[in-house]
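Each residue of the sequence shown is one higher than the one before, starting from 46 at the first, in my numbering.
Hints in this document: simulated from the structure, not taken from any laboratory. Among the hints, a few may not be true.
[As the list claims (entries may be wrong)] The calculated lysine-lysine pairs, modelled on PhoX-like cross-linking and capped at a C-alpha distance of 20 Å, are:
# : residue 1 : residue 2
1 : K76       : K50
2 : K117      : K73
3 : K118      : K141
4 : K48       : K141
5 : K73       : K48
6 : K141      : K117
7 : K73       : K50
8 : K141      : K76
9 : K73       : K141
[What the hints assert, rightly or not] Beta-carbon label-pair distances, calculated as ranges:
#  : residue 1 : residue 2 : range
10 : V99       : H78       : 17 to 23 Å
11 : H134      : D80       : 26 to 32 Å
12 : V66       : A100      : 34 to 40 Å
13 : A75       : E98       : 29 to 35 Å
Positions of the beta carbon are idealized from the N, C-alpha and C atoms, including for glycine.
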Amino acid sequence: MSKPKIAIVVGSTRAARFADVPTQWIAKIAKAHADIDVEIVDLRDWPLPFFDEVASSAWAPSQNEVAQRWQKKVAEFDGFIFTAAEYNHAPTGVLKNAI
């Protein structure tokens, strides 16, 4: 059986974000486990558009090229850990949009 591949998703894109600190801490602990593969996925590297498709990607293929690449990237993983910043008592818009 292959090792599960886990994404640590950085859920903030702000310049002065704190998310890098817990992300690195989580990655260090996770990488100490030889039975899983871990990859940091930074939403700064994925300039996703706001959702404006005709339907969910479960029903119709995405038209946006970045969204298509994002969907392929997400499909590589068996599990996810999110570092979710809070904005107005909720996760950031960029994280909600990516999910």
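For each hint, the structure was consulted:
no.	hint	verdict
1	K76 / K50	holds (11 Å)
2	K117 / K73	violated (25 Å)
3	K118 / K141	holds (17 Å)
4	K48 / K141	violated (28 Å)
5	K73 / K48	holds (17 Å)
6	K141 / K117	holds (18 Å)
7	K73 / K50	holds (15 Å)
8	K141 / K76	violated (26 Å)
9	K73 / K141	violated (25 Å)
10	V99 / H78: 17 to 23 Å	violated (41 Å)
11	H134 / D80: 26 to 32 Å	violated (36 Å)
12	V66 / A100: 34 to 40 Å	holds (38 Å)
13	A75 / E98: 29 to 35 Å	holds (33 Å)
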